[in-house]
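Chemist: Listed below are the residues making up each chain.
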Amino acid sequence: MMGAKRKWDVKKLGPLIGLFLLCIVLSILSDDFLTMDNWLNLLRQVSINALIAFGMTFVILTGGIDLSVGSVLALSSAITAGMMAQGVNGFVAIFVGLLAGAAMGVLNGVLVTKGKVAPFIATLATMTAFRGLTLVYTDGRPITGFASDDILFQMMGRGYFFGIPVPIILMLTVYIALYVVLKKTTFGRHTYAIGGNEEASRLSGLRVDRLKIYVYALTGALSALAGLILTSRLNSAQPTAGTAYELDAIAAVVLGGTSLSGGRGWIFGTLVGALIIGVLNNGLNLLNVSSFYQQVIKGAVILLAVLLDRRKEV
Amino acid sequence: MRPLIDMRSIQKSFGANIVLNGVDFEVLPGEVHALMGENGAGKSTLIKVLTGIYERDGGTIVVNGREVHYRHPKEAERDGIVVIHQELNVIPTLTVAENIFLGREPKIGRTGVIRYKEMEQQAASYLRRLGMDLDPRELAGRLSVGKQQMIEIARAISTNAKCLIMDEPTAALTEREIQALFSVIRTLKQQGVAVVYISHRMEEIFTICDRISVLRDGQFIGTKRVKETNFDEIVQMMVGRQIGERFPKRRVTIGEERLRVERLTKKGLFENVSFSVRAGEVLGVAGLMGSGRTEIMEAIFGARPFDEGDIYIDGRPVRIRSPRQAVEHGIAMITEDRKQKGLILEMSVHENLTLPKLEQLATAGFIQSSKERDVVLTYIHLLNIKASSPDLPVKALSGGNQQKVVFGKWLAMNPRILILDEPTRGVDVGAKKEIYEVINELAAQGAAIIMISSELPEVLGMSDRVMVVHEGKVQAILENDGLDQETIMRAATGGNR
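Protein sequence lines, in the order shown, are assigned to chains A and B. Residue numbering for the first sequence follows the numbering used here, beginning at 1 and increasing consecutively. Residue numbering for the second sequence follows the numbering used here, beginning at 1 and increasing consecutively.
Next up, chain A with everything else stripped away, as it sits in the complex (with noise of 0.2 Å):
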């Protein structure tokens, strides 16, 4: 029983390692990379990812997947823009944000839920309607030059707190608070038992639905977290913002050794997942591999980390 309890701590200690790992040869290649901007530039820039891949790690606890994160992100960011540019006040518009986030990840998890629809399929459908609405509602044009005033907005993703950027302070606060809850709370205990066995939980007596639900909703509004720090670094609101970022976020849960089939995972790992990835880019451009080859290369670390963790299981 050690020796089983001392092999599974290697296996979590993996993708740590391979982050380590990474950092060396970076710094050997790179003179740029070990400095402090660098580093704070990095983080900003994963703060993005990771706050998605955080909410994508409780749904995929679950047993779910959620491939709608990218145009909630963009649909919701346009809401924020879009009052912001009608004069409305920053931290009204952040809130109703935040809000229309949660609320598309509600439909997503009542989709899922009482409609009975596989997660896969539930959420294809919606990031589809999601950025058609975002086209919509944009006129397929980006919102800018609203918040040139709004000391509130601007912050989110240009201010510094005792000199470190804001994001990294939201990614760091947000992870900390769902460490807690995955580890701490009834709420994360029965998030694993949901994705362990959906029926036996349910025999249980736990609200099974509901707690779906949830999850759905605050991966729908971490993704309309990450929409405003990104609208606010660039301080406008693309309507193509966001495409294709959950496939970086599920990246991340599974660099991270999360589970695809559910109940197995912690949100530490998503952390050095996403990581991982941003270190990868970040180092890539510093070397000026072209964006192409950045590509080849992304696809396969992931491939690799995943065959690594297999051969491990055995």
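Hints are computed from structural coordinates only; laboratory data are not their basis. Quick caveat: nothing in here was measured; it's all calculated off a predicted structure. Just so you know, nobody snuck in bad clues.
Restraint-style ranges between C-beta atoms, simulated for each label pair:
id	chain 1	residue 1	chain 2	residue 2	range
1	B	Pro248	A	Leu303	52 to 62 Å
2	A	Ser261	B	Glu118	33 to 43 Å
3	B	Pro305	A	Leu99	32 to 42 Å
Built from N, CA and C at the ideal position, the CB exists for glycine as well.
Model the placement of chain B on the given structure of chain A, informed by the hints.
Modeler: Okay, now just chain B, sitting in the frame of chain A:
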């Protein structure tokens, strides 16, 4: 007669854990040989060593007079040793004939085009030879578990199997299917095929087997001829001590009516089901598999909708639409299929034990780990759950201990009404008795207990009254006073009481 399989002084350990210590096991052609022992005694390890899933540390295995070292079950199959697992390997979307010939289809030359007519004729001839009533063109998925099992047996025989190893073959079968299986086993015997029969069901073993070998804690205890032994001797060999009464005595005063069900109906499944259970009473529920007995209880537990009928708890009408509401009314249900419906296998013993009452162990959503720990340790101790640590995944436990975890999970909420569906399936003799004692203890504390069971001795040994379900209707409710198995069986098959 030269043994078909002769295993001598088999040794196997995992790390410091010795799981097989000098085990001898011999199978003669044409015999049905039961392999018995409590869960964890080493039965499945022995079979895995035989078929090459595990490598043996010591000892010899001789098959057909030749020493063998299989490295893969495929090699054992080449020598005619085929294992039929509890989880069947039948592809539901293929026909019976396609399943039997899977991977060995007769083809036209080397084209890959299957000669369907020939394949179906050959399949039909195998099925006939085994006395199986199956259409080769039927889709396997449309058949009952019992018939799917027949497909596997036919497949094994079509590859010239000399020895079938059957692991709990009757666990999911109806009484009629069990009889059909036994007649197939008898046909196999006549054709010189040996069967190794692994089961916890004593009655079956004494009906169908010729010899019994018993393992205990990885040791070989002995082999007995069925004709020269009896139930008590085998149990004593298995547990290493006298187990005493098979069903513990119970002294309970039966109290007020706890649960009353009136005219419960779900079209096509059950109709007009009325019965009641009182505090401290054990109501046994007998009936063939597929009679609707499980569905009725699932409906009461809110896990399945029903069309009409009323449920009263303590005389008051209640509406139960989900298991959650049932739990709130103090109803617990221990389901038949603990792996699919009872446990979360990946989670630990401790997490499983507290799942239904986690919210009561939490403040504002935060689990109070010290409170949780107390509950966990209490029930591990109370039920004598054998796990090296509460944090061990529940899938690492033996069947009996898994079932105790399922019990513990529900006991922790102090149920007032406890529904048990096959509470001792796949549980060994020692753990069975412990489970019976828990049931009696709960009844003594005033719970009303409904116990569905396919094992009639268990129904007779445990119940105050017996309700017999036949084709979705209550055929009879009998006082357990001089009641015998035949009376129950007659009602269960639709006869009058």
